[in-house]
Amino acid sequence: MKKLTAFLLSMSLFFTGVTLGFLLSPIKKGIYIGNNSGNKGGNNSEKLYGMYK
Numbered sequence: 001m002k003k004l005t006a007f008l009l010s011m012s013l014f015f016t017g018v019t020l021g022f023l024l025s026p027i028k029k030g031i032y033i034g035n036n037s038g039n040k041g042g043n044n045s046e047k048l049y050g051m052y053k
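Numbering follows this note's numbering, in which position 37 of the sequence shown is assigned residue number 37; successive positions increment by one, without gaps.
Treat the hints loosely; a few may be bogus.
Here are the simulated distance ranges between beta carbons [claimed, not checked]:
1. 1 with 30: 38 to 46 Å
2. 3 with 29: 38 to 46 Å
3. 33 with 7: 28 to 36 Å
4. 1 with 21: 24 to 32 Å
5. 1 with 22: 24 to 32 Å
6. 1 with 31: 34 to 42 Å
7. 23 with 3: 36 to 44 Å
Simulated crosslink set (SDA-like; lysine to any residue; CA at most 20 Å straight-line) [as the list claims (entries may be wrong)]:
8. 3 with 13
9. 28 with 18
10. 3 with 14
11. 2 with 13
12. 2 with 12
13. 2 with 14
14. 3 with 20
Calculated from the structure, these hints are not laboratory results.
Don't be surprised by glycine CBs; every beta carbon is placed ideally from N, CA and C.
Using the sequences plus the hints, can you model the full thing?
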């Protein structure tokens, strides 16, 4: 087997495994994308929130 063929086959199998792993894995706490650090801006959170409405 040529090196290029072996490389392409191994990469395609790897990405197939990653894709199937994401699709078949159980979602335990839902999907949350973002930062959950809890920083709300101190006492100015109401004023700052009004600027971004």
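Status of each hint after checking the structure:
1. Hint check: residue 1 to residue 30, Cβ distance near 44 Å, so the stated range 38 to 46 Å holds.
2. The hinted window of 38 to 46 Å between residue 3 and residue 29 holds, with their beta carbons roughly 43 Å apart.
3. Distance hint for residue 33 and residue 7: a CB-CB separation of about 33 Å, consistent with the stated range 28 to 36 Å.
4. For the pair residue 1 and residue 21, the supplied restraint of 24 to 32 Å holds, since their beta-carbon distance comes to about 26 Å.
5. For the pair residue 1 and residue 22, the beta carbons lie near 29 Å from each other, so the given range of 24 to 32 Å is met.
6. Between residue 1 and residue 31 the Cβ separation comes to about 40 Å, which falls inside the hinted range of 34 to 42 Å.
7. Against the hinted window of 36 to 44 Å, the Cβ-Cβ separation of residue 23 and residue 3 comes to about 31 Å, which falls outside the hint.
8. Between residue 3 and residue 13, the direct Cα distance comes to roughly 15 Å. Compliance with the 20 Å bound is thereby established for this hinted pair.
9. For the given pair, residue 28 sits about 18 Å from residue 18 by alpha-carbon distance, which is consistent with the 20 Å threshold.
10. Pair hint residue 3 plus residue 14 holds up; C-alpha atoms about 16 Å apart against a cutoff of 20 Å.
11. A hinted pair counts as satisfied when its Cα atoms are at most 20 Å apart, and residue 2 with residue 13 qualifies at roughly 17 Å.
12. Our distance criterion of 20 Å between C-alpha atoms is met by residue 2 and residue 12, whose separation comes to about 16 Å.
13. At roughly 18 Å between alpha-carbon atoms, residue 2 and residue 14 fall within 20 Å of each other, so this suggested pair holds.
14. The hinted pair formed by residue 3 and residue 20 fails the criterion: a straight-line CA distance of about 26 Å is larger than 20 Å.
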